[in-house]
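Using the sequences and the hints given, assemble the complete structure.
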Amino acid sequence: MVSIYDIANAVGVSASTVSFVLNGRAEKMRISKAKQKMILEVANQMGYIPNMTARKLSLRNIQHMPEIALCWSPAQHSQFLNTFIDMLQDMTFSGEVREMRFTILPYKNGELEKMEPVLSANYYNGIIVPPVSKEDIEFLTNTSIQVPTVLLYGDIPQYHQVSVDNLRIGTDIAAIFGRHGHKSVGVMQPVYKHSSITINQRISGFMKTCSCLGMEAELITSGLDCPSSNKVEEGKIAAKKMVKGNNLPSAIYIQNDSLALGALSVFCEHGIRMPEDMEIIVYGNNDSLEIHHPSITTVNYPTEEIARTCITLMANALDMPGSAPVHKIIDTPFVFRESCPR
1 MVSIYDIANA VGVSASTVSF VLNGRAEKMR ISKAKQKMIL EVANQMGYIP
51 NMTARKLSLR NIQHMPEIAL CWSPAQHSQF LNTFIDMLQD MTFSGEVREM
101 RFTILPYKNG ELEKMEPVLS ANYYNGIIVP PVSKEDIEFL TNTSIQVPTV
151 LLYGDIPQYH QVSVDNLRIG TDIAAIFGRH GHKSVGVMQP VYKHSSITIN
201 QRISGFMKTC SCLGMEAELI TSGLDCPSSN KVEEGKIAAK KMVKGNNLPS
251 AIYIQNDSLA LGALSVFCEH GIRMPEDMEI IVYGNNDSLE IHHPSITTVN
301 YPTEEIARTC ITLMANALDM PGSAPVHKII DTPFVFRESC PR
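The numbering of the sequence shown is the UniProt record's numbering, which starts it at 1 and goes up by one.
The hints are simulated quantities; they were obtained by calculation from the structure and are not laboratory data.
Bear in mind the structure is a predicted one, so any value in this text is a computation, not a measurement.
Among these hints, one or two may not hold up.
[Said to hold, decoys possible] Within a straight-line C-alpha distance of at most 27 Å, the following computed DSSO-like cross-link-like pairs (lysine-lysine) qualify:
#	residue 1	residue 2
1	K134	K328
2	K134	K114
3	K241	K193
4	K244	K193
[Said to hold, decoys possible] Computed Cβ-Cβ distance ranges for the label pairs, DEER-style:
#	residue 1	residue 2	range
5	E290	E41	54 to 64 Å
6	G223	T143	28 to 38 Å
7	N300	L40	44 to 54 Å
8	M46	Q76	36 to 46 Å
9	T143	N44	35 to 45 Å
10	E218	K134	16 to 26 Å
11	P106	M29	30 to 40 Å
12	K134	E290	29 to 39 Å
13	N9	R30	19 to 29 Å
14	L40	M65	24 to 34 Å
15	Y123	S184	46 to 56 Å
16	S295	E113	37 to 47 Å
17	I49	T143	27 to 37 Å
18	L219	G95	40 to 50 Å
Backbone N, C-alpha and C fix where the C-beta goes; we use that ideal spot for every residue, glycine too.
Structure (structure tokens):
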């Protein structure tokens with residue numbers, strides 16, 4: 001890594017002169033414009049990367065703000081991340097919680113252990129992470145993180161947690177189909193590289209309840225060899241397989257709202273009526289499901305309430321170091337529409 005000493009040698013000035021220029025103090029130290037330009041050009045050519053940790057420590061007159069790591073996998077629904085940022089701004093500006101600086105740390109599901117050096121080094125004042133794979137749950141269970149940590153999903157006793165009752169969601173959907181007299185039902189989900197505990201819990205609740213109620217339940221996927229980032233297209237593929245097989249269930253639960261949009265387009269193209277030919281319930285909050293014709297019954301993921309609770313837990317944990325972990329389960333409301341009446 002290029003240092004200020006390397007730049008100083010290349011330009012022919014002292015390291016302190018380079019430091020003054022790179023830290024925005026050149027005018028105060030009366031360093032000429034020409035020399036400033038030369039130092040900045042050489043620093044850029046050499047690929048100099050500032051030491052931000054040292055720079056933050058030097059800002060003594062600025063009030064300390066807790067730094068929180070938000071670990072995030074691209075496999076997570078982007079809607080939650082957008083909602084989280086909006087909620088954080090609202091709660092901070094209103095004075096509901098203290099100011100916090102968030103850094104997003106991307107990771108892949110099942111590979112959270114690669115971030116162990118960062119998570120265990122107390123580099124951040126707090127950590128928020130949504131572990132949904134078995135591998136990530138095991139890693140967090142066996143790792144000692146010394147700063148306040150809030151989990152989205154993943155029931156690990158030593159950490160704060162905000163989640164929903166995924167098992168109950170699957171159970172309740174199956175119970176609705178059973179109450180409506182269905183005998184053949186399906187559950188559609190995306191293809192995943194790493195098994196998701198949240199999806200597995202919903203499937204488990206759904207399948208077990210279907211069995212208890214005497215309904216034949218089929219797991220439906222696109223059959224792709226690897227996960228797809230285009231869930232709408234994947235939903236189309238899965239639905240086309242269903243139509244081609246000419247063995248449509250009379251009710252289907254779709255585990256992802258973007259997946260549902262693709263599947264619905266195929267069902268409509270083939271004249272499958274909802275709810276007359278097939279009742280549909282979707283897990284997710286996509287606004288398009290409300291205006292779809294017919295409108296689609298959903299189980300809404302409470303993004304705003306989860307984001308608010310998560311931020312509140314982190315702020316409280318920072319204010320009360322060593323406080324006992326708090327576990328919050330947020331309700332997931334059904335919104336009944338035309339595709340599956342109450």
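Okay, the hints, checked on the actual structure:
For the hint pairing K134 with K328, the CA-to-CA distance comes to about 21 Å; that is within 27 Å, so the pair holds. Using a Cα cut-off of 27 Å, the hinted pair K134 and K114 holds, with the two alpha carbons roughly 15 Å apart. For a cut-off of 27 Å, the pair hint linking K241 to K193 stands: about 21 Å separates their Cα positions. Restraint check for K244 and K193: satisfied, since their Cα atoms lie roughly 26 Å apart, inside the 27 Å limit.
With their beta carbons about 55 Å apart, E290 and E41 fall inside the hinted range of 54 to 64 Å. For G223 and T143, the Cβ-Cβ distance of about 36 Å falls inside the hinted range of 28 to 38 Å, so the restraint holds. At roughly 52 Å, the beta-carbon separation of N300 and L40 lies within the given 44 to 54 Å, and the hint holds. For M46 and Q76, the hinted distance range of 36 to 46 Å is satisfied, since their beta carbons lie about 37 Å from each other.
Evaluation of the 35 to 45 Å hint for T143 and N44 yields a pass: the beta carbon distance comes to about 39 Å. The beta-carbon spacing between E218 and K134, approximately 24 Å, falls within the hinted interval of 16 to 26 Å. For P106 paired with M29, a C-beta distance near 39 Å keeps the hint of 30 to 40 Å intact. Checked against the hint of 29 to 39 Å, the C-beta distance between K134 and E290 comes to roughly 34 Å, which is consistent with it.
For N9 paired with R30, a C-beta distance near 23 Å keeps the hint of 19 to 29 Å intact. Between L40 and M65 the CB atoms are about 28 Å apart, so this pair conforms to the stated range of 24 to 34 Å. Under the hint 46 to 56 Å, the C-beta atoms of Y123 and S184, about 53 Å apart, fit the expected range. The hinted window of 37 to 47 Å between S295 and E113 holds, with their beta carbons roughly 43 Å apart.
Evaluation of the 27 to 37 Å hint for I49 and T143 yields a pass: the beta carbon distance comes to about 28 Å. Take L219 and G95: their Cβ atoms lie about 48 Å apart, and the range 40 to 50 Å holds.
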